[in-house]
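> In order, the protein sequences belong to chains A and B.
For reference, each letter of the first sequence is one residue, going 25 to 339 in this note's numbering.
For reference, each letter of the second sequence is one residue, going 28 to 235 in this note's numbering.
It should be emphasised that the hints constitute simulated quantities derived from the structure, not laboratory data.
Since we're looking at a predicted model, the values are computed, not measured.
From the three backbone atoms N, C-alpha and C, an ideal C-beta is built for every residue, glycine too.
Each hint should be verified, as a subset may be incorrect.
Covered, in the sense of this in silico footprint (three residues per stretch, anywhere, with C-beta under 8 Å from a C-beta of chain A), are these stretches of chain B [what the hints assert, rightly or not]:
no., segment
1, 61 to 75
2, 83 to 94
3, 112 to 122
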Amino acid sequence: MLFSIGVRFNDRITGKISEFAKHATIIHIDIDPASISRNIVVDIPIIADARNAIGALLDKSISLDIEDWKEQINSWKQLHPLDRPQNSVSGVTPQAIIHEINALFDNLIITTDVGQNQLWTTQFLEITETKQMLTSGGLGTMGYGFPAAMGAKLGNPKMDVISICGDGGMQMNIQEMATAVVHELPIIICILNNGYLGNVRQWQEMFFDKRYSTTCMKRRESCPVICNTPSEDCPAYTPDFIRLAESYGAKGIRVQRVEDIKPALLEAKAAIKSPTVIEFIIEREENVWPIVPPGNSLAEMFMGGENRNAEQKVD
Amino acid sequence: MKISGADLFVKALMEEKVDILFAYPGGQAIELFNALYGVESIKVILPRHEQGLVHAADGYARSTGRVGVCLVTSGPGATNLVTGIATANYDSVPLVCFTGQVPTHLIGNDAFQEVDTVGIVRSISKYAITVRNREDLGMIIKKAFYIAKSGKPGVVVVDLPKDIQQKLGSDLSATWVFMEVMRLIMQLTNVMCCFLLVYVLMTGLPER
Numbered sequence: 025m026l027f028s029i030g031v032r033f034n035d036r037i038t039g040k041i042s043e044f045a046k047h048a049t050i051i052h053i054d055i056d057p058a059s060i061s062r063n064i065v066v067d068i069p070i071i072a073d074a075r076n077a078i079g080a081l082l083d084k085s086i087s088l089d090i091e092d093w094k095e096q097i098n099s100w101k102q103l104h105p106l107d108r109p110q111n112s113v114s115g116v117t118p119q120a121i122i123h124e125i126n127a128l129f130d131n132l133i134i135t136t137d138v139g140q141n142q143l144w145t146t147q148f149l150e151i152t153e154t155k156q157m158l159t160s161g162g163l164g165t166m167g168y169g170f171p172a173a174m175g176a177k178l179g180n181p182k183m184d185v186i187s188i189c190g191d192g193g194m195q196m197n198i199q200e201m202a203t204a205v206v207h208e209l210p211i212i213i214c215i216l217n218n219g220y221l222g223n224v225r226q227w228q229e230m231f232f233d234k235r236y237s238t239t240c241m242k243r244r245e246s247c248p249v250i251c252n253t254p255s256e257d258c259p260a261y262t263p264d265f266i267r268l269a270e271s272y273g274a275k276g277i278r279v280q281r282v283e284d285i286k287p288a289l290l291e292a293k294a295a296i297k298s299p300t301v302i303e304f305i306i307e308r309e310e311n312v313w314p315i316v317p318p319g320n321s322l323a324e325m326f327m328g329g330e331n332r333n334a335e336q337k338v339d
Numbered sequence: 028m029k030i031s032g033a034d035l036f037v038k039a040l041m042e043e044k045v046d047i048l049f050a051y052p053g054g055q056a057i058e059l060f061n062a063l064y065g066v067e068s069i070k071v072i073l074p075r076h077e078q079g080l081v082h083a084a085d086g087y088a089r090s091t092g093r094v095g096v097c098l099v100t101s102g103p104g105a106t107n108l109v110t111g112i113a114t115a116n117y118d119s120v121p122l123v124c125f126t127g128q129v130p131t132h133l134i135g136n137d138a139f140q141e142v143d144t145v146g147i148v149r150s151i152s153k154y155a156i157t158v159r160n161r162e163d164l165g166m167i168i169k170k171a172f173y174i175a176k177s178g179k180p181g182v183v184v185v186d187l188p189k190d191i192q193q194k195l196g197s198d199l200s201a202t203w204v205f206m207e208v209m210r211l212i213m214q215l216t217n218v219m220c221c222f223l224l225v226y227v228l229m230t231g232l233p234e235r
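Here chain B stands alone, though its shape is the one from the complex (with noise of 0.2 Å):
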């Protein structure tokens, strides 16, 4: 079945076990709402400033040891998220921030609230990223997850632009993605693993 990217963005929230959502609406993000409407398991807050948003959301991630999360949108949402993000990163907290992002045909066009995003957090986070395929959805936000948590943990930003949001796709989990990358790459190991054995069988161990 195809579904939205909006509604695969639910969908990986809820398999990351995401409870609490910090989040503040806008035009570019409004796809990402709507998917959240009626949703129970994600308990979205409403603050009434991002920067605000993403203290709370540190507040949250520093005192449970859970990832925070955060949702705004494009343009004056992501620039107010700046200074939390900094915060954040320099403490090595986890938090994965989404920020919406103008149709990637209008980005670089000074449409309407957009800002380059990711220029202006790449040095103040761990990894950030603009989703540029619809299939590679899925992937980003389970790299997500996976990359503000690991390691020294740190500040993850994921640049959704909105057509990204509204286009169909794959259903496919996160988790499934990455869970069949994974058995494929296993196969492939066995495979060379394999591949390996017989040549060593056939020409004899390399003499040292």
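One chain only, chain A, in its complex shape (with noise of 0.2 Å):
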């Protein structure tokens, strides 16, 4: 049995839609009668408003019996972890940030911006009651995480706010620094700088035979016309967000080695009046596990690994 509450069962949340849960009984609460069997078809929907529908079926539970289902879930979380070993030299790996995270910050709002940190974020932070994480989910607009983080902010002046975003989306919005400073808001803006589009280069690496189109943000135009090996050679990334920080006025912390991370967000977090950027430079080629190549079913994805000669499945 499937529970849905108020999701759109979408291309991102199904994969191949004929294989989608084939053998579930499928329930969907969802305040949009329009919402109903659009995508895959239900067996029982009931529109109503998600807080009442589940107030009402709380009033009616009954407790069950399913310790060794539980179990069963812990060992299959055992066996496939999402927290993977990386290939990471540093150690700073989007892992680490996030639950440095996890562990420094009670009362949370967290953003992201779209792409690997948004996928990075999605799976290693711990949601609790006292945090929320706004996230496009929907249309994917890259620059939303940063001037979304302002908007949580100035609602919530309490709220400790996180935005996490990569290197290309940040540059999408960046000049709501601005911003962020004149009206004094102490957010902190991490990014997870790879130098590259870095969703985009993964499937480039993994359906396209690693052919970097354009996806690279060191690259210049005295680089090769083909370069899918990024090394130590490569020209220095633009902007310097750490001095561009600074020029708004704003704080600008670099990490570069595992044990400065806590270290930079305790700081961060301490500020009362300046935002503070946080650059993490990551490993140039990190990549998001498992993914669903698209098109394929749930059934399947790619857990890494056998990233780096993935064949597209062609039905």
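These two chains come separately, so use the hints to put the complex back together.
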């Protein structure tokens, strides 16, 4: 049985639609009648405000003896952990950063941008009753996270607010650094800088034979026409996010070693009136796992490891 | 007392208890900004680009559960909102976006900074309307907030031509108008019920 509340069963959720939850009975709670059975035919539709519907259901809930099932799930979790060993030399990995955020912040609103930063955040962020995550889940708008964090801080001055973004999305609305400074918003902007439009690069690596077309953010006119091997010799990244932050009157911290993650976050957390930019230099070709190739069913996901020579499945 | 459309706009926002307005000025919204000058109960935030502005309003709305409110000028101000409107509407975030517009007599005449805002946002918003008559302004703003937050929340765009902003009209607040209309409907319903009762009494209940 699949209990779905306020979802739209779009392609990102279902993968190949004919293979999605074929043997499940689907219950769908949604306030919008037009959302019912639009993409997936559901067995039991409930048109209601989710809050009311869940409340009504809880009144009638019975406790089940499902200890075996819980054990089964936990064993699967141990067998297939999201937290996978990374090929990072420095140890400054998205996992390490987000685990540190989980440990250091209690009352937190976190916004993501769109791309790998978003996927890592949704994988590793622990959401509790006092934490909230804002993300552009439907349209997938790069440049969303940072300004959304400003709005969240304005509406919730007592909460800590963190924006997690990539180096690409950050540049889409970077002008708002001025807004955050003049309105004295002590938000924490975590840039996961891999020097690539990483999500597209990962697809190019997996499905396009590593042809890194127009995804390298370090690329300059003087670079070779064909290049898919980032190295120490690559041109410097532009802009220098730290000096840029400082030019706006904000604080800038660059993190290149794993032991610097925690102090940087603590320093940013202590700021009262000024935004802090923390630029985390992460492994350039870090990937998000698992991934379901477009058009595949959820059962056909790649778990990683097979990444370097993954072949695109053609139906 | 007669007040300008711009003054009624501010009055209506105050009645909706708008505490933060995300706003970027321009030629066709200047009257609205003039009316906002010195208003203490509404904190006006000036982002550096309309896209940043609308995403900030979106973040405010998602994190507080309240309606995020945007105010921008016509033409490029409105088109720069488009990505943010689609972003918010797709995720059912309640926003009310006010856009300046050229005066009604210039609409459709290739006026400076004129675009068909309502036409552009129709497929990415829950509701969009150009205010054509000054006397409709109060009710339209009231409706905008109601539509944005009711049912499946979404984005409402209210396009405000400059002459509507300038024109003097009733200072009756939107809420007052709303309450009056509701009262009128109730009265009409009462009257109709009375008629029905009298009719039934005179003719007897219809046979089943």
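> Hints first: check each against the structure and report whether it holds.
Status of each hint after checking the structure:
{"no.": "1", "hint": "61 to 75", "in the structure": "holds (count 5)"}
{"no.": "2", "hint": "83 to 94", "in the structure": "holds (count 10)"}
{"no.": "3", "hint": "112 to 122", "in the structure": "holds (count 4)"}
In terms of the numbered hints stated before, the structure departs from none.
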